[in-house]
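Enquirer: In case you want the letters, here they are:
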Amino acid sequence: MKIRYRLREALIGLSFIWIWIVGFLVFTCYPLIRTLLFSFSQVKITADGVKTTFIGWENYRNALFLNVEFGDTLATYFVETLVIVPIIVVFALIVSLLLNVKIRGKGVFRTIYFLPVIITSGPVIKQLMDQGATTLPGIQTIIEMSKLHESMPELLADLIVFLLTSFITILWFSGVQMLIFLAGLQKLDSSMYEAASIDGASRWESFWKLTLPALNPMIIVNMVYTVIMQSVFSLNPVITQIQSAMYDAKYGMGYSAAMAWIYFLVMLVLLGLLVLVTRQRETNR
Amino acid sequence: MKGIDRRTIDKTKRILWGFTGEGVVYKLAVYFLLSLIGFVYLYPLFYMITYSFMNTEDLINPLITYIPSGFYMDNFAKAAEVMDFLNTLWQNVLASFVPAIVQTVSAAVIGYGFARFRIPGKSVLFALVLATFIIPPQITMIPQFLMFKDLGLIGSIFSYIIPAAFGQGIKSGLFILIFYQFFRSIPKSLEEAAQIDGAGAYKIFAVICVPMAVPAFIISFLFSMVWYWNETLLAALYLGDKLTTLPLELQNFAVTYQKVFPADPNAQTGRSLNEAINMAGTFLNIIPLLIVYFFTQRWFVESIERSGITGE
Chain H
1 MKIRYRLREA LIGLSFIWIW IVGFLVFTCY PLIRTLLFSF SQVKITADGV KTTFIGWENY
61 RNALFLNVEF GDTLATYFVE TLVIVPIIVV FALIVSLLLN VKIRGKGVFR TIYFLPVIIT
121 SGPVIKQLMD QGATTLPGIQ TIIEMSKLHE SMPELLADLI VFLLTSFITI LWFSGVQMLI
181 FLAGLQKLDS SMYEAASIDG ASRWESFWKL TLPALNPMII VNMVYTVIMQ SVFSLNPVIT
241 QIQSAMYDAK YGMGYSAAMA WIYFLVMLVL LGLLVLVTRQ RETNR
Chain C
1001 MKGIDRRTID KTKRILWGFT GEGVVYKLAV YFLLSLIGFV YLYPLFYMIT YSFMNTEDLI
1061 NPLITYIPSG FYMDNFAKAA EVMDFLNTLW QNVLASFVPA IVQTVSAAVI GYGFARFRIP
1121 GKSVLFALVL ATFIIPPQIT MIPQFLMFKD LGLIGSIFSY IIPAAFGQGI KSGLFILIFY
1181 QFFRSIPKSL EEAAQIDGAG AYKIFAVICV PMAVPAFIIS FLFSMVWYWN ETLLAALYLG
1241 DKLTTLPLEL QNFAVTYQKV FPADPNAQTG RSLNEAINMA GTFLNIIPLL IVYFFTQRWF
1301 VESIERSGIT GE
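Residue numbers (this note's numbering), protein chains in the order written: chain H, 1 to 285; chain C, 1001 to 1312.
Don't read these hints as lab results, they were simulated from the structure.
Treat each hint with caution, since some may be false.
[Stated by the list, open to error] Reference listing, derived: stretches of chain H covered by chain C, where coverage requires no fewer than 3 residues with Cβ under 8 Å from a Cβ of chain C:
#, region
1, 3-17
2, 122-136
3, 262-272
It should be emphasised that the depicted structure is a prediction, and the values quoted were computed from it without experimental measurement.
All residues carry an ideal CB built from backbone N, CA and C; glycine is no exception.
Chain H on its own, in the form it takes in the complex (with noise of 0.2 Å):
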């Protein structure tokens, strides 16, 4: 009897999520599996259809040895990446610790903040940023005065300069990962500072103490979360050289899909590295 009940039950089950499955073998297993044989092969479209000739790892050789462009701009991608996600979560957790203050009209600025998760789309922001809408006036002037390319490394220079100029394109990444902290923060117990004030914590230290254990979970996604966003923009340069490969007659799809490959693990390895070093953190206290 009971077995019999659990077997209607993951059948009635099954015929919900039956599209899903069906869905993630067409549209993105059977992709990815395809998209790695294309990889290890030259592929030439035809007229009868798709032709395939195993070369090996020549694709992966071609990406990373031979085309020197898509090690660099892989190489400053990892590196970037690795600096603003910090940087875009710690905004967004300070942000949202503000708008967590007991004040009016603090509904409006939450719009506001929100407001360019809604409206940014590649070329929106592309055109925004060859006008010069991005970059706050004297920014370009303080860079030039410091000459920061005598003084400096040249990648630390290079940073310094992408972060003081696209540092509005920060914020603009800013909005969900700001909306999940503050549901964070809305969530936990006022008791629990009343207590710890009682006990003669400071505001600085039961943040320290409490509020940022709390929120270790969120800062988690939203590690994970801004990544992901970063990573499939698609003003990304990774991302368009990939494209652009693709419709490349010399050397077509397989070596895009080797591209698209290399550029996933990559995204993984960043992945891994944020998540650890937060849950690290975690851990040591």
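Dock chain C against chain H, hints included.
Expert: Below, chain C without anything else, positioned relative to chain H:
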């Protein structure tokens, strides 16, 4: 005398600093910071709006940096012509609303299945649902493209709808998670009561659970719509040259502009593409979304609290 002084001082202190440090000074500082950040957030939009109203002389005039000399609407007329605005807008609405509705409905069904039934291997499957969120579309889009090409669906909206219907659309994993969390928060006793009354699983889902999940439906639809609206990578690939969207038109803005307004050596200046026309095009591009946001912003900013996506 001294006692009164003490008391007034204490009182002022309390107003300024408050009991727990949330007094006037503190709040003013918070307001200041919030406004400052708000200004930085909106600066690109201010810039875009003011520039979109400038004529050629305003652009050259060094005295005019922010406020144009008048409302010069010609930029918008030109930009609208280049993007074929109304036509493109309609196609954009089609290519975002329809997939969003399909995606929301399928995510609701799938999310309910995961939230409510004991299925062998469910945790593995659900982990895969979340994993689809991490897989970048670049890695699956080539085979998908070839698949749709074989089916003759390139250039049709079905290449958007079909993956969405099977829970594999843009960020589908996230929407399934939203519904999963939402349906799990509905007390099971409600369903059990209906079960005793003889209602079947599908009836319980349609009659009891769906009406309770209206907020999740609205949130999912809105986010899905916005993400489909702003999508350019998949749009360029799947919609081909038969369907177009506003972001795609903005991407090709400079090229199309050259075709619509070819450079003419005899013509007056002001014919060539300038900053102001670019900004007008960008502005036109985001106006529909701004209008949607104006009316629905509560759903957006309260989405994460309401859907309980952060979990317990």
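Enquirer: Each of the hints needs a verdict: does it hold here or not?
Expert: Right, here's what the structure says about each hint:
{"no.": "1", "hint": "3-17", "result": "holds (count 9)"}
{"no.": "2", "hint": "122-136", "result": "holds (count 12)"}
{"no.": "3", "hint": "262-272", "result": "holds (count 5)"}
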